[in-house]
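S.K.: Read off the chains here:
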Amino acid sequence: MKTRNRIVSGVLLVVFIIIAVIALFPIYYLFMASLQKGETMFSGGMKLFFDPAIMSFKNYAAIVTYRDGLYLSWYKNSLITTVMYTCFGLFFTSLVGYGLGAYDFKLRNVIFVMVLIVMMIPLEVLMLPLYNLIVRLRIIDTYWGVVTPFMVAPVAIFFFRQYVSGISKDFLEAARIDGCTEFGIFFRIMVPIMKPAFGAMTILLSMQQWNSFLWPLIVLRTNRNFTINVGLSSLLNMYSSNYEILFSGAICAIVPILVIFVFNQQFFISGLTAGGIKG
Amino acid sequence: MQKSGIIRIKSIFYNKNIAPYIFCLPFVISFFLFFFYPICTSIYMSFMKVITLDNMEFVGLKNYSRLYNEHFLNAIKLSTIYTLSMVILMMVFPVTIAGLLNSKSLRFRNFFRSAIFVPTLTSVIVAGIAFRMIFADIESGFINSIIISLGGKAVPFKQYYWTGILIMVVLAFWRDLGINMVYCLSAMQTIPEELYESARIDGANDISIFRHITIPSIKPILIYILTLTIINGYRMFTEGYVYWNEATPGGNGLTIVRYIYQQAFQKNDMGLGSAIGVVLLFIILTINLIQLKSFGLFRKGDD
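Sequence lines, in order, name chains A and B. For the first sequence, our numbering assigns the number 661 to the initial residue and increments by one for each residue that follows. For the second sequence, our numbering assigns the number 2 to the initial residue and increments by one for each residue that follows.
Keep in mind the hints are simulated off the structure, nothing from the lab. The beta-carbon is built from N, C-alpha and C at its ideal position, and this holds for glycine as well. Among the clues, some could well be false.
[Claimed, not checked] Below, in silico cross-link-like pairs of lysine-lysine (BS3-like), each with a Cα-Cα straight-line distance of 25 angstroms or less:
# : chain 1 : residue 1 : chain 2 : residue 2
1 : B       : 17        : A       : 662
2 : A       : 855       : B       : 17
3 : A       : 697       : B       : 159
4 : A       : 766       : B       : 159
5 : B       : 78        : B       : 63
6 : A       : 736       : A       : 766
[Claimed, not checked] Chain B is nowhere near these chain A residues, computed Cβ spacing over 10 angstroms in every case:
#  : residue
7  : 715
8  : 730
9  : 732
10 : 784
11 : 790
12 : 831
13 : 836
14 : 889
15 : 933
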């Protein structure tokens, strides 16, 4: 029995090593490619192990110089839209989530059903009329155009509402008797209590925005205003050879996230899966 | 006069009946501006010939009858094949791998969980750049060089219909496996240990425990993954775009959403684009209603 268990756990270990290798391989491959010269990439064949003699970090230097720092401005645009989306998103959704979770009022269920409906309908269905709206609001090709329509993210409202519902609100009465306003209660008492929820939603919202593609692709028109994903996809052209910056640029887009992930794995995983947990 | 105004504003801050409406205001504004209004204009424009945004002409159901063409039917077919493949994969692998990962005889469980989760952190574009290389059409492409060393012939993955679907599915599967596995894993960890123990005393083996205890206990999360996979399947755009950013004659990568993008933004046919959007809306609503029904929401009235 004992040897059988040993064999089972040995086999299991091997199976998982294979799965882990497959899961990590594309990123490893991308990194290896980013160390190659564009021509050797294709003429020399794309083998599993590249020749260390021809590896260099030149492509990472090319990122800075590429068309007067075009890649850097994509990176900057991604950073700014991500920070904007996350900050405004956290502010608004925590307000709404708290409102729905802490008060008993007439239209509560109506508004909550509205949140659920928005949650069900993906952006792709609405992208065309939303584009027209963004044109009319004159925020096409701007950060606001990218960020505004989805800032009040229903997933985050849902999550904050669940979180607030789970907290006992008896002590809030004491604050009211002490003369605290409803908004004072939220900002001074509830926000510190909701810290873990804010943490989870920071991860979820910022990852959503950092990795988004279709909406920025539609809204952003000028090359300089692109976000990283839109910029990288504009390099995917059969007829030009942008391979150096394509691969190193792709690596630069994920490395910051990977580094943060390695140091906060549990936090990251629970943040990203928070949107899916049904109440 | 002014003073009473200030007092009135102040009393709003103290009013427990008004405060929740102010808290909810951002959502209500966003709902009407960025959800309700667009849906209405989408339905309205689907009956119009849109020359400019301020110059439209009523054409009745003409846009919908124009939808009955080879390209749109192919787009629906492509999205459906893709979705079905993803559903099969996502119903089998995440739960199986989570089940194995949950077993106590496996060492380094946290490491493996994290490693499988890493692909979720990438964007479709970044992941797609890597997979474009791995599945490169040329002989020196990674998969092709393996095929050749096994004695086969190089496959131009991006050019054939079925290999085109295959490389999109592989990309999406690689990215989505981790998060779905974590959903299953966290559901499994809520199953009480006593359930397993009593089954073991009854002489059940690991496989029958998995089938008769684990799977039924995490059924809600499986239904959730199922719905999410179907909806993500029909709204898929980027997985196709990253491989074929120019239109291809064979219609590779031309999914429903890609067809909206092509008609509305590249051919500037907003009326037809809206009609496709309305069809997609109905597909998504139907899937959601079926899901709500299988959760029993209509019977119990609340979640």
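S.K.: Is residue 933 of chain A truly not at the interface, in the sense that its beta carbon sits beyond 10 angstroms from all beta carbons of chain B?
M.R.: Residue 933 of chain A is in fact no farther than 10 angstroms from some Cβ atom of chain B, at 5 angstroms.
S.K.: Take the C-alpha atoms of residue 17 of chain B and residue 662 of chain A, compute the straight-line distance between them, and say whether it is at most 25 angstroms.
M.R.: Answer violated: residue 17 of chain B to residue 662 of chain A is near 65 angstroms, above 25 angstroms.
S.K.: Could you grab the alpha-carbon distance between residue 78 of chain B and residue 63 of chain B and see if it respects the 25 angstroms cut-off?
M.R.: holds, 22 angstroms
S.K.: Taking the minimum C-beta separation from residue 831 of chain A to chain B, is that value above 10 angstroms?
M.R.: Check passes; 15 angstroms lies beyond 10 angstroms.
S.K.: Residue 766 of chain A and residue 159 of chain B: Cα distance at most 25 angstroms?
M.R.: violated, 56 angstroms
S.K.: Determine whether the non-interface label on residue 836 of chain A survives the test: each CB of chain B must be over 10 angstroms from its CB.
M.R.: With a cut-off of 10 angstroms, residue 836 of chain A comes too close to chain B, as the shortest Cβ separation is near 8 angstroms.
S.K.: Holds or violated: are the alpha carbons of residue 855 of chain A and residue 17 of chain B at most 25 angstroms from each other?
M.R.: holds, 24 angstroms
S.K.: The output says residue 730 of chain A does not contact chain B. Does that hold with a beta carbon cutoff of 10 angstroms?
M.R.: The claim stands: residue 730 of chain A keeps its Cβ more than 10 angstroms from every Cβ of chain B (closest is about 16 angstroms).
S.K.: Against chain B, does residue 784 of chain A hold up as non-interface, every C-beta pair farther apart than 10 angstroms?
M.R.: The assertion about residue 784 of chain A is violated, with a minimum of 4 angstroms to chain B.
S.K.: Just to be careful, I want the Cα atoms of residue 736 of chain A and residue 766 of chain A compared with a cutoff of 25 angstroms; is the pair within it?
M.R.: The given pair, whose Cα atoms are some 44 angstroms apart, is violated under the 25 angstroms limit.
S.K.: Minimum Cβ separation between residue 732 of chain A and chain B greater than 10 angstroms?
M.R.: Holds, since 17 angstroms exceeds 10 angstroms.
S.K.: Would the least Cβ to Cβ distance between residue 790 of chain A and chain B come out above 10 angstroms?
M.R.: violated, 5 angstroms
Of the numbered hints given earlier, the model fails hints 1, 4, 6, 10, 11, 13, 14 and 15; all others are met.
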